[in-house]
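There are 2 protein chains.
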Amino acid sequence: MTIKIGLFGLGTVGSGLLTLLAEQNNKIKASTGLDFTVKTALVSTLTKDRPGLDPAIQLTTDPNDILNDPEIDLVVEVAGGTGSAKGWIKSALSSKKPVITANKDLIATAGQELIELANKAQVPLLYEAAVAGGIPIITTLQNYYRTDTIRSLAGIVNGTTNYMLTQMAQNGLSYEKALKQAQELGFAEADPTNDVAGYDAAYKAIILARLVFGLESTLDELAITGIQEITDDDIAAVKVLGGQLKLLFTINQVGEDSIALSVSPQVILPDSPLSQVHNENNAIVVNSDNLGQTMYYGPGAGARPTAQAVLADILLAATATKESHQVFSSENMRLAEPNVQAYCWILNSKTHESIESAVHELDDELNGYIVRQGSHENSNNGSQLVLYTKEITTANHDRLLKELTQKRTLNKEFVIYPC
Amino acid sequence: MTIKIGLFGLGTVGSGLLTLLAEQNNKIKASTGLDFTVKTALVSTLTKDRPGLDPAIQLTTDPNDILNDPEIDLVVEVAGGTGSAKGWIKSALSSKKPVITANKDLIATAGQELIELANKAQVPLLYEAAVAGGIPIITTLQNYYRTDTIRSLAGIVNGTTNYMLTQMAQNGLSYEKALKQAQELGFAEADPTNDVAGYDAAYKAIILARLVFGLESTLDELAITGIQEITDDDIAAVKVLGGQLKLLFTINQVGEDSIALSVSPQVILPDSPLSQVHNENNAIVVNSDNLGQTMYYGPGAGARPTAQAVLADILLAATATKESHQVFSSENMRLAEPNVQAYCWILNSKTHESIESAVHELDDELNGYIVRQGSHENSNNGSQLVLYTKEITTANHDRLLKELTQKRTLNKEFVIYPC
Ligand SMILES: NC(=O)c1ccc[n+]([C@@H]2O[C@H](COP(=O)([O-])OP(=O)(O)OC[C@H]3O[C@@H](n4cnc5c(N)ncnc54)[C@H](OP(=O)(O)O)[C@@H]3O)[C@@H](O)[C@H]2O)c1
Ligand SMILES: NC(=O)c1ccc[n+]([C@@H]2O[C@H](COP(=O)([O-])OP(=O)(O)OC[C@H]3O[C@@H](n4cnc5c(N)ncnc54)[C@H](OP(=O)(O)O)[C@@H]3O)[C@@H](O)[C@H]2O)c1
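Quick note, the sequences are listed as chains A and B, same order. Each residue of the first sequence is one higher than the last, beginning at 1 in UniProt numbering. Each residue of the second sequence is one higher than the last, beginning at 1 in UniProt numbering.
It should be emphasised that the hints constitute simulated quantities derived from the structure, not laboratory data. Treat the hints loosely; a few may be bogus.
Rough simulated footprint, nothing fancy, chain B against chain A, three-plus residues with beta-carbon under 8 Å [stated by the list, open to error]:
1. 35 to 47
2. 53 to 67
3. 221 to 233
4. 297 to 306
Mimicking SDA-like on lysine to any residue, the simulated pairs with C-alpha atoms at most 20 Å apart in a straight line are [what the hints assert, rightly or not]:
5. K239(A) to G242(B)
6. K27(B) to K239(A)
7. K180(B) to T231(B)
8. K350(B) to S383(B)
Positions of the beta carbon are idealized from the N, C-alpha and C atoms, including for glycine.
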């Protein structure tokens, strides 16, 4: 069966979706029997150069070419904005077409109205891509946690600011330099206000608070602090005890019927699972009665991750079956050896000198393969040398080991771990 | 509508499920219209004391009391073992009853046969609880990644060994002491072989490799190394460069049609998202074409998390609708201030002495509230004092701040971050 998609928007996410559909279509067809194809795409400029665009896709600037087309089964809105997009979605839902959107601004501000409309029309309105692009947080909260009681959520849902703060803390970049780098890499827009002032994170927090706690809230009701006031001194100061500054949203149930919601730079201590969430990555921590602390980590934005969230939603909307979906496409997988692997070698020796000299002799050999090394005294007053190899083949690893053990100066024992 | 459950097993997970059903039943009823109730439970000893057990639940030692009861809509298998359990599940599937199981040994060894039977009968066979108890990895892989191409998975799926290795590395416990402690806490069984030899992790890896790559494999085909040979010296050695030893499974696609699968202690470097997975927690890292690296983190076992996975599966099996599930139960949430919050205070001062003396004066006040402090020079040759408070109310925080700023000796600027 062919499912015809009407696509509003053919920018970063829209063209990402076309790429993914092309790559995944055979697999999807094999596992679901469904053939997804974009029939019509709405853009604002017909004359724009769109290299590689499938000529079978009809471009239009008239939304009615999608909304009034009875052949179109499903609508994807990745144009953005809270104006026209709202009308398109309402119209599509009213004519019983499932809608998938990545539009966080719209879902944050008008989500309740749209969700009610979708429920009344009994068609899905899915928006996985609107919060933390590549992390399936919405679906997971809806399906997995509906048998649990969530007490709080917190996390990093803005990739731009997390990238900037990571660069400032780890590489000593100034705020301005970090912002410029984020813009060059395509993480930040020319006007970065939405990100650095915390509004983007706040929109996502509003969406999550509605989904999890049924809380309706608006930007101006919330305590929102951006990252603009953070100084290099602040960053250095929190480092003193191993902390890091990150722009966090927090949603906490603080009473029977009340929820505290904030967005602000917060100190993340080293034992937090959020402490390893660097650069453009996102993560959301959930605290619930049954599970305690759980965390979902992944890319927060970008063409592929966001389009993946949209495509997963498209499949959800089209195939709500009870069948176990298979994830794979080939039926013929067999067990094999790993291709390449990094290793950690631990060399125990009676004396520090014997190891050092052995490694010295092998320097030529090892130079190309060893990325880091260190040594210290072990528990028997002997010495341990720790070497980390690059990713190498099993054959290369065996050869290196053989050469090393043949050196007569080396009176040692080996321990090897993959790495 | 009432859904009657037949429960095989009333041990840790089975009684956990009864607790969760009692707690969540109203919410589930409100959101789905379904009333789940356990009609019959199979145990091995009828005479065992089962405090608090709902007398309405019929206990039996005869599986046919469940399998031949036409009133039973759905079967949950949490008895364990690969013998009788397999027969019960086959019989239930054949009579078109959905089956939920937590039985990793059985799904690893006989999963393919059971899945085929379920697909033929067109009833769900769900086993979320079998891999990493409280982490919804199976459902997420089935739903979210079926539009992506996964290249590798790796992770920590055995809570017992991760607990032991964490204790050995962080608290200097010996292997024996760490094992004893794990047993006392209920993480490890009297005979811990299955965990420490890596078999439990291998079963879970076998299940994941089948789901994601369609690979059929057995324990004896795999390279499995446990944690029994790890010495204190090894643990100290990998620490030299910030590494940690953890028992990892890895599944890598290494060629068009081949998969490398292993379980062994591996070195986790500090920049890995797995480096913050401590004690009994589990985490699974997925690498895929569309998303790059994603991670799912949470509790690996225990009554509540495992029962939560079972209950979520029960709902999935009973309600495969296209509707957006709401996660909350109350409709009346309102915005509020946070209850308590920890803070990081950064005090900038011209001289180190002025801050030290101010804090000294306030010692009595602060003593109860400050948990950690440190200081260093800032970029203007002044000094920064960094204090971390306990979790305190906003009112208490305001009072403390006021008192501190009133001290005349303190010529400084404050920066405050939540923490
Ligand atoms: N980019 C990300 O990483 C990301 C992540 C998560 C969510 N999102 C959300 O996804 C949505 C799309 O983002 P994007 O980055 O793909 O935006 P984009 O690159 O700016 O693309 C927008 C597309 O929509 C079209 N469009 C916009 N307004 C229109 C109008 N009024 N009438 C007709 N066509 C219109 C544009 O037409 P032209 O091609 O003719 O200009 C363009 O094709 C936004 O809601 C955004 O918040 C994006
Ligand atoms: N515990 C966890 O954290 C966890 C986590 C993930 C998965 N799992 C899996 O969940 C399953 C159950 O684990 P558990 O910890 O709950 O086990 P458990 O505490 O040992 O309970 C087993 C239950 O099954 C009953 N039973 C066992 N064999 C039986 C037989 N042949 N006939 C009748 N009744 C039988 C026992 O009856 P009696 O009450 O009369 O002894 C008991 O009620 C296992 O497959 C396990 O691998 C457990």
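Output the indices of the hints that this structure fails to meet, ascending.
1, 2, 6
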